[in-house]
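There are 2 protein chains.
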Amino acid sequence: MCLVYVTDEPDEQHPRLREVTLRDTLDRVNEALSRSIAGVKSAGCPPKLAEAMRYAVFPGGARIRPRLCLSVAAACQEDEPATSNAAAVAIELLHCASLVHDDLPCFDDAEVRRGKTSVHKVYGEEIAVLAGDGLIVLAFECLATSNPGRARRSVDLVEIVARSVSAARGIIGGQAWESETAIDLKRYHNAKTGSLFAASTEAGAVAAGADGAQWRALGARLGEAYQVADDIRDAFGDSDKMGKPVGKDVALGRPSAVAELGIGGAKARLKNQIRRAVEAIPECPGAMALRDTILFETNKFLPPEILRQAA
Amino acid sequence: MCLVYVTDEPDEQHPRLREVTLRDTLDRVNEALSRSIAGVKSAGCPPKLAEAMRYAVFPGGARIRPRLCLSVAAACQEDEPATSNAAAVAIELLHCASLVHDDLPCFDDAEVRRGKTSVHKVYGEEIAVLAGDGLIVLAFECLATSNPGRARRSVDLVEIVARSVSAARGIIGGQAWESETAIDLKRYHNAKTGSLFAASTEAGAVAAGADGAQWRALGARLGEAYQVADDIRDAFGDSDKMGKPVGKDVALGRPSAVAELGIGGAKARLKNQIRRAVEAIPECPGAMALRDTILFETNKFLPPEILRQAA
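First to last, the sequence lines map onto chains A and B. Numbered by my numbering, the letters in the first sequence go through residues 1 to 311 in order. Numbered by my numbering, the letters in the second sequence go through residues 1 to 311 in order.
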């Protein structure tokens, strides 16, 4: 695997071991997601809707948020893997739901998502609306049912996750800012991207019985970094390789770090945000390993071909 | 107030007192809903979205489900009114969300709902999709935050409420059955209408610390009765008086008790279902008062003018 590092701190020590750990976490996320979606079908969901929900979730993207959630839980020495799994699953289901609804004709009218035809183009708009709704509800059902012996953690997770996708300051609100004439750029990005990243680290900590509030900054800063990387990918990426349309920010006059700062400024901001994210890791048993994982992961925010083009 | 009774058991004893109790419960529901929606706005929701969410919830319809929830909580001698309020609010928010999404152009493309222009006709489709999403998430946020000292009840309520709107057997699944060629009519009605009624009674009991499972039958039977009444209203109602389009079942070839049984058969089924619902009330401190309330309420399922037309 070819890695072109964004930061000055390449992970040169155990790249092979890191790859294995990454694969394990990804498998764990996908297996938990698969069980959750299979449960909907076996509980009597109408066939088309069940199929559309699976299609919206599999095959997935990089699963960055749920893997971040599990990495934080591991760093906090998780004692209830079922609870961490539920947190990771809920976060990814909500992310997938937002993609399905954001792709609808009234928003982006996207033909392609994650390299394949978008949900509403395959199943029709009505099933796409319902698949998004169904994924939102499934996320909360997972959190409520994952661990009957840990009601306090479960209810805290429902609150954290609900807030992160809420109309107020979550991803639903973030999407709605695009329908306003006056946008506060920071608030928009915090809502649309930062909120779910912040919830990923906070929820990972809470699932492991740690103090979630201490873990929000890490996720929030990673969310900011991811947003800048996304702006760069949108400006310099290739639709086929990205698996979704690019150049939309410019075409739709959307706010973008590249438009605001130029490519050099955007890359510098990305580097700085990753540094600040790593600095925000609270003291915990697995802090060093988590730091390495985050550097490894954030180095993949921009694929090598984008870095070359943007050079 | 003119009442034409559907059952043979008119409530002749304390109609004035009953009206006052009804008004109190309705006020309680509306005040709790209003606080919940106001919280979204004050937490920084984009203005159009916040306005659309309020528009989708106010002014409301009869608030049948949340009032049923509070009536059951009262019958079980509720000890945590904030928890009962949250359950009632969550149920109504989810009902309102389903109306906003069901009215979208890809479904009914309804111009009118509750006697006023539908959400997407006023705010546009994109804000309507997000308002529905926002209401769904708000419902779960309310349940998680209503009563920090009662985590067990809160998490049980999240599970009950999530299941009742789920893609599997809840209202989302119910709506999706309309996109299938082969429909099991009973399963369709259970999902589309019965599930949220059953959750209303179960959640009311759980919010009051009672055994929710015993209370599902009451709600399920009321849901069946409501569905039959809705079929009759659709067949014989007047769009202006109903505040929404009528005659859609026939026009869209949807399953309907009137089409299946004729008007006489449908009325007989409604009467029988109300009787069976009342028989399903479990033993509890307020059983007699609840029985009276339910007879009073179900007598309003069909407005007098519909009963006259259907006579």
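It should be emphasised that the hints constitute simulated quantities derived from the structure, not laboratory data. These numbers come from a predicted model, not from an experiment. Be a bit skeptical, because a hint or two may be false.
[As the list claims (entries may be wrong)] 25 Å max Cα-Cα, derived PhoX-like pairs, lysine-lysine:
no., chain 1, residue 1, chain 2, residue 2
1, A, K48, B, K186
2, A, K186, B, K48
3, A, K300, A, K271
4, A, K186, A, K41
5, A, K41, B, K48
Results for each hint:
no.: 1; hint: A:K48 / B:K186; result: holds (19 Å)
no.: 2; hint: A:K186 / B:K48; result: holds (19 Å)
no.: 3; hint: A:K300 / A:K271; result: holds (12 Å)
no.: 4; hint: A:K186 / A:K41; result: violated (40 Å)
no.: 5; hint: A:K41 / B:K48; result: violated (36 Å)
In this structure, the hints that do not hold are numbers 4, 5, in rising order.
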